[in-house]
Amino acid sequence: MAETILQVENLTMHYITRAGAVSAVDDVSFTLAEGESLGLVGESGCGKTSVANSLLKLLADNARITGGRILFKGVDFVPLNEAQMRPYRWRNIAMVFQAAMNSLNPVYRVGDQIIEALETHLSPYSFDQARQRVAELFTMVGLDPRLMDQYPHEYSGGMRQRAVIAMALACNPDIIIADEPTTALDVIVQDTLLRQLQTLQARIGMSMIYISHDIAVIAEVSDRIGVMYAGKLVELASAEDIFHQPLHPYTIALMSAFPSVTGPRRALQTLPGEPPDLLHPPDGCRFHPRCPFASNQCREQTPLFQDRGGGHAVACWHPQETRI
Amino acid sequence: MTVTAPLVRVEGLRKLFPLNQGLLRPATSFIHAVDGVSFAIAPGKSLALVGESGSGKTTTGKLLVRLLHPTDGQIVMRLNDADVAVTTLKGDRVRAFRRHVQMIFQDPYESLNPRRTIYDTVAEPLYVQGIGNVLDRQERVAELLTLVGLTPPSTFMFRFPHELSGGQRQRVAIARALVINPAFVVADEPTSMLDVSIRASVMQLMQRLAEHLHVTYLYITHDLAVARYMSDRLAVMYLGKIVEMGDTEEVLHHPQHPYTQALLSAVPVPDPGWKRTPIEIKGGVSKPVNPPPRCRFYDRCPLAAKICEDNDHPPLEDKSAGHYVACYRA
Numbered sequence: 001m002a003e004t005i006l007q008v009e010n011l012t013m014h015y016i017t018r019a020g021a022v023s024a025v026d027d028v029s030f031t032l033a034e035g036e037s038l039g040l041v042g043e044s045g046c047g048k049t050s051v052a053n054s055l056l057k058l059l060a061d062n063a064r065i066t067g068g069r070i071l072f073k074g075v076d077f078v079p080l081n082e083a084q085m086r087p088y089r090w091r092n093i094a095m096v097f098q099a100a101m102n103s104l105n106p107v108y109r110v111g112d113q114i115i116e117a118l119e120t121h122l123s124p125y126s127f128d129q130a131r132q133r134v135a136e137l138f139t140m141v142g143l144d145p146r147l148m149d150q151y152p153h154e155y156s157g158g159m160r161q162r163a164v165i166a167m168a169l170a171c172n173p174d175i176i177i178a179d180e181p182t183t184a185l186d187v188i189v190q191d192t193l194l195r196q197l198q199t200l201q202a203r204i205g206m207s208m209i210y211i212s213h214d215i216a217v218i219a220e221v222s223d224r225i226g227v228m229y230a231g232k233l234v235e236l237a238s239a240e241d242i243f244h245q246p247l248h249p250y251t252i253a254l255m256s257a258f259p260s261v262t263g264p265r266r267a268l269q270t271l272p273g274e275p276p277d278l279l280h281p282p283d284g285c286r287f288h289p290r291c292p293f294a295s296n297q298c299r300e301q302t303p304l305f306q307d308r309g310g311g312h313a314v315a316c317w318h319p320q321e322t323r324i
Numbered sequence: 001m002t003v004t005a006p007l008v009r010v011e012g013l014r015k016l017f018p019l020n021q022g023l024l025r026p027a028t029s030f031i032h033a034v035d036g037v038s039f040a041i042a043p044g045k046s047l048a049l050v051g052e053s054g055s056g057k058t059t060t061g062k063l064l065v066r067l068l069h070p071t072d073g074q075i076v077m078r079l080n081d082a083d084v085a086v087t088t089l090k091g092d093r094v095r096a097f098r099r100h101v102q103m104i105f106q107d108p109y110e111s112l113n114p115r116r117t118i119y120d121t122v123a124e125p126l127y128v129q130g131i132g133n134v135l136d137r138q139e140r141v142a143e144l145l146t147l148v149g150l151t152p153p154s155t156f157m158f159r160f161p162h163e164l165s166g167g168q169r170q171r172v173a174i175a176r177a178l179v180i181n182p183a184f185v186v187a188d189e190p191t192s193m194l195d196v197s198i199r200a201s202v203m204q205l206m207q208r209l210a211e212h213l214h215v216t217y218l219y220i221t222h223d224l225a226v227a228r229y230m231s232d233r234l235a236v237m238y239l240g241k242i243v244e245m246g247d248t249e250e251v252l253h254h255p256q257h258p259y260t261q262a263l264l265s266a267v268p269v270p271d272p273g274w275k276r277t278p279i280e281i282k283g284g285v286s287k288p289v290n291p292p293p294r295c296r297f298y299d300r301c302p303l304a305a306k307i308c309e310d311n312d313h314p315p316l317e318d319k320s321a322g323h324y325v326a327c328y329r330a
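For the record, the sequence lines run as chains A and B. Each residue of the first sequence is one higher than the one before, counting from 1 in the numbering used here. Each residue of the second sequence is one higher than the one before, counting from 1 in the numbering used here.
The shape of chain B in the complex, shown without the other chains (with noise of 0.2 angstroms):
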């Protein structure tokens, strides 16, 4: 077996956010949005992110794909066989990384441009990095409006975004975070807002996809039944950390971290004979402003104990065969 080099390589990232900044006077506190988050990426392979509203996953997202600069940390994307210091890229190195590593938002009636056509939308990335010229743009949109299931393509190219339903727009999200052929895609929530039958089949076109362009992807979303569909790892966040993060199956199976085992005891089974074990624990999820050096679940873990109190946040640890927790309990 070769060992290949991760496509995506994340060290102790950190973004915090200024609360309450003024003109002159300096903030005083921060969210801290990302908190010291690591993970690799094997290409061809997804992570999962899961996590509530507020535990960071977007943030992280956004780093990834430079439309955020991090507060400190490393990015390190294996590119073209050259490693990229995503982190400190700048100006027209940017546009060439954005080349490889593309997003698609949550929501299609707001990611796309109403006054623009289907095909002004999908070619925009072509004309950015200036790929081909006119017929091998169309041609180009032609063929992933296919790939994506719009067909036929000429009946979409000419049409205008509120003429397409929720899953049809998503579509052409889609195709045009594929269009340039990136290497690396930062999905945030691309299936929350459509609904069930169409949210399967948006499912099954990105792993599709994923297989046929050898495309690699983060997968970021709230719902642990999602996650489970569309990634090989998985990684659950709370407060800005990464506390478990492992073989998907294999955290969902058996998750360590009470955190994720409260997050996955809470999760609604389509099955109304299934009788499951609640886990309770305390309060909600609070914002992380200038939290307390302590594990960020201290508060509300129902094993929290003396030694939670007084140490640092536990670290990611390899429990086994690449199953990581950061717990002092698990």
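So here's chain A without its partners, still in its complex pose (with noise of 0.2 angstroms):
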């Protein structure tokens, strides 16, 4: 078994606002194991990209861990101010975002980006050592080295991807978090991209956090799987686990509500509702109001998350035994 890098225990986080407190991340615990892939999959406003940024703490100023402990390699997060959280960014954990347009400042050339981050978190480099660690990142990444002095408008989507994911792995991070670097691209663009990712995770041996709200995306990248719902990690397991032996009801709808080119057409399941306004939250599980299952413990009773052997966990009351 490999070693736990990173452990996150009934981690809380609110977004402070004028008409109250939103509970964006309710009790959620998971650990990373070194070389391991986690996807965690869920609906907009379910929490997942609020996960992300609160491993960093690169949260809105709204924004309150008000409980749970984040512990990276023994070091709890949660406590430590921006100057303290500095050298862990980038070195350690590094993030790739949705919009790579975005991250990559258009006035500068996209390899002087890099070379920044370079120089900001690691012992001097020599202007020629930078440039050619550049040029190794691009290799790595699939891009023309050459392309390091051109500017980022002058970049495709996919490229563009691919030098913020260059630029992530810059400093030899020991986890790097994805956070749907691969919604606004091409299903032929998305796939090279993807494919790439798994070989350098392999090759680097870093972990990986991958989030996205497709569980086909998360089908081929990951091997757990967290599913998130208004805040809560309702079911963390295996990859397969999750895809043929699901145990939480909202699992079991997102699995059947999802479309396939393969296999058989099977008709689609809908899933009644919407999901809750996290200002105020259903009591009980969060889950009940759409729930088919729901019980009066259900809505009385928050249910605990817990492990139902072979790693599988569930916060349910009434886990289902389906096979899909």
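It is worth saying that the hints were derived from the structure and are not from the lab. In this text, a Cβ means the ideal position worked out from N, Cα and C, and glycines have one as well. Misleading hints may appear alongside valid ones.
[What the hints assert, rightly or not] Now the stretches of chain A that chain B is said to cover, found in silico as 3 or more residues with beta-carbon under 8 angstroms: (1) 13 to 21; (2) 206 to 212; (3) 247 to 260.
[As the list claims (entries may be wrong)] Some chain B residues flagged as far from chain A (calculated, every beta-carbon gap over 10 angstroms): (4) 4; (5) 45; (6) 119; (7) 195; (8) 199; (9) 204; (10) 229; (11) 274; (12) 284; (13) 304; (14) 307; (15) 319.
[As the list claims (entries may be wrong)] Covered by chain A, per the in silico footprint, the following chain B stretches (three or more residues, Cβ under 8 angstroms): (16) 215 to 226; (17) 261 to 273.
Two independent chains are provided; combine them into the complex using the hints.
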């Protein structure tokens, strides 16, 4: 068993708004092993990006981590201030955002932006060494090193996303957090990028947290998958188990609502209702208003996130035995 | 078996957008957004138009509802037992034509006027077409809101778009498109902005309405999995050309054009155990600016040969029982 590199315990986070506190992440716990790829999947507003941002404490001004611990190699990030967090960012944990264009400064050459990251986070580099490192990184992500002297607008969408990945890899991080990096891309570009990301991850031996709303993409890249709903982690298991033996009714609904180009053309199942307003999350299980199996217990008590054996954890009073 | 006349017949449709036009200088380069597209849709059937961004699928949709005027080509629709030549309509005839043809747009946050109530939005086509009096319209709007699942209608009618979720807004957009009972609807990525659980219900709603109201759809999407559920027939577009067309299941299971094959092999499958054979194609999608006459896919095609370089873009040929492929090498 590989060693645990990141351990998140009971993470709870709120956004303070004029209307009240929005409970965006509630009591989320998971671990990430060295070299492992963990997928976080859920619909918009389920808190997956808030979890990612919390891990590096890249939070909006109105966001407050109100409980829990984030242990990276034994160091708890939660009490650290900005200055104390800084050395860990990029160096140990790097992030790839969804909008590649917004992650690159339009008035600087792409290569120079990566060099800046290198200079800020690593011990002094000579200019030549730095350029050599950038060329190396470009080759790694499948970009022609000659492109480093061009500006972001001269890149296509796929190339920009590769450059952003190169930038994230610059300091050889232990963990890379990828937040919907391929969502804006066409399928063929997405496919090559996903495969490259997997190859790189295996070669460098880093861990990855991959966030997406698209369960098909998550299936391609993840060893283990966590399913989020309304700020809660509702199920966490191996990719195989999530797809073929899901226990949580929400996971089951999500899987049956997703169209596929392969296999028999089965009818899509629909899930009634809408996700709850997190200003006033429902009592008990947050999924109970939409759940076909909801009982009085679900309406009153929050289900515990418990391991049901074999590393398959679920937060549900009535886990279902389904085979898909 | 009787052969019914197609509801929509498109022949040699082209749309070029000028690039470097000046006030007095005529354009010398053009984007060939839609370049010689032909297809037909039978009444009550739906055709899905799939392709990557920039393939010309949205332009085709807009041409069909006369939001754009084609450079060349014919669009003929069979409306009220009369053939209507869509491309030559003018003035009032365009309005009369829109009585039968509607469009649903991709982004329900952009396509609804934020300052108008849901009732105003859904009733608008009735006003424009001068259908019924106020009471009739209210009744009709209530009926449509019920049909799209916004129940009870009285609680939605006088709300504003910002009070609704994305899925509810898209239902409003569908209600608006269907309120005048159109025969033909162009749906441009109506579910791509919606979350998975909401998306399935909107897809199901559109299918149910198609059966219930006998609507014929042109369903535009980049997502082959969605197309599979929403269409009887499928046309794959690449840089302004249809490269493959046929029954949806047939095309998805036996793709013949190398581009369709590459596209299908790149679609992520929601099954971690799924093993596929990746098909490598070179480069990325370019812009069809003054393209050379040869096959549009030539530069990226793994099968490209001399015949492909020397000849014009291959014609769409019937390879087997209505499965059309435009490729010399397939």
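Going through the hints against the structure:
no. : hint       : in the structure
1   : 13 to 21   : violated (count 0)
2   : 206 to 212 : violated (count 0)
3   : 247 to 260 : holds (count 7)
4   : 4          : holds, 25 angstroms
5   : 45         : holds, 17 angstroms
6   : 119        : holds, 21 angstroms
7   : 195        : violated, 4 angstroms
8   : 199        : violated, 7 angstroms
9   : 204        : violated, 6 angstroms
10  : 229        : violated, 5 angstroms
11  : 274        : violated, 7 angstroms
12  : 284        : violated, 6 angstroms
13  : 304        : holds, 17 angstroms
14  : 307        : holds, 24 angstroms
15  : 319        : holds, 21 angstroms
16  : 215 to 226 : holds (count 5)
17  : 261 to 273 : holds (count 12)
Figure legend: structure checked against the earlier numbered hints; hints not met, in rising order: 1, 2, 7, 8, 9, 10, 11 and 12.
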